Structures are given as structure tokens and as C-alpha cells.
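Read in order, the letters of the sequence shown are residues 1 to 155 in UniProt numbering.
Honestly, the hints are just simulated from the structure, not real lab data.
Note that the structure is predicted; figures quoted are calculated from it, not measured.
What you were told as hints is all true, and nothing was included just to trick you.
Simulated restraints, written as ranges between beta carbons of each label pair:
| hint | residue 1 | residue 2 | range |
| --- | --- | --- | --- |
| 1 | T42 | K135 | 39 to 47 Å |
| 2 | N12 | R136 | 14 to 22 Å |
| 3 | M137 | N56 | 32 to 40 Å |
| 4 | S91 | G21 | 28 to 36 Å |
| 5 | P43 | Q113 | 32 to 40 Å |
| 6 | P45 | N12 | 43 to 51 Å |
From the three backbone atoms N, C-alpha and C, an ideal C-beta is built for every residue, glycine too.
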Amino acid sequence: MSYASKNLVEGNRELIAFRIGDQEFCVNIMSVREIRGWTSATPLPHTPSYIMGVINLRGAVLPIMDLSNRLGMKPAEPTARHVIIVAQVNSRVVGLLVDAVSDILTVSDEQIQPTPEISSDLEKQYARGILAIDKRMICLVELGALIVETESEAA
Numbered sequence: 001m002s003y004a005s006k007n008l009v010e011g012n013r014e015l016i017a018f019r020i021g022d023q024e025f026c027v028n029i030m031s032v033r034e035i036r037g038w039t040s041a042t043p044l045p046h047t048p049s050y051i052m053g054v055i056n057l058r059g060a061v062l063p064i065m066d067l068s069n070r071l072g073m074k075p076a077e078p079t080a081r082h083v084i085i086v087a088q089v090n091s092r093v094v095g096l097l098v099d100a101v102s103d104i105l106t107v108s109d110e111q112i113q114p115t116p117e118i119s120s121d122l123e124k125q126y127a128r129g130i131l132a133i134d135k136r137m138i139c140l141v142e143l144g145a146l147i148v149e150t151e152s153e154a155a
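Working from the sequences, and respecting the hints, build out all of it.
Printed below as a string of C-alpha cells:
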């Protein structure tokens, strides 16, 4: 994990935490471009089940990924309370459907614990660690692993 150029203070990073069901996850805040309310997506044929479709984001076509479904949980049933986290990984921009954004965290590398060995292979592939903060267990998700695979599946 190379976040050195994105650290606020050497060894610290900012993460944005969000909820999916009763679980909390977080991603590097430097990947997040904006957070917006739920907008219905236009489905596209022949896309993976976790791609809900596309929306128009100020003239650009933005694919919407159901992060719950992508992480192997039950598919989301979006309501007006859901939000879309618009994230950029390398040159790719994607909308991530989540239940709610819950927090912005500043953490040190020492606070990120390794993913437990009992985790599934799927979880290990996307989870870069676990944060135990204020009696909360928050899974650090590696967006690059989610989005790179999407590119190869869409090709």
C-alpha cells in the first residue's frame, strides 16, 4: 500500500467511513470526488449483477456499482436515503451505492490491523485491513481491487 503522497502528516491518512447494512467500511478519502444523493440508474445490458446502470453526472456517463452486491452481500434496494460516493481510481470514475456516509477518520498506519485469517478469499481480496475505533469495527476497502476487476469483466 503506497499512500505516502496522500498522507496529511507522515504516517496518517484520512478515510471516509460509510455503512452498508449493519457493517461499516471505509476508503481513502483522496479517491472520493463527491458524495451525492441517490439517483435512479439506467440499466445496461450484459453488465455484471453489481453494476446497477449509469447516471448522467454533469454531462458525463457514470457507472453505478452496488457496493453491497460487489462485496458479496445482499443486493441493495435503493431509497432516497441511500447515497452515491463518486470515486476515482487512476483514470476510472465510478459511483458507489452505499446506505450512508458515517464519518471522516484520520488514522495512523499502526491503527490498521491485518484482515483476519478467517476471512473469505473474496473479503481478503478487497479488504486491506480492519480499524477498531470507538468500539466500532471498520473494514478498509481497496477501491483499486474492486474497480480494476470491473474493467477486465467489462472488456
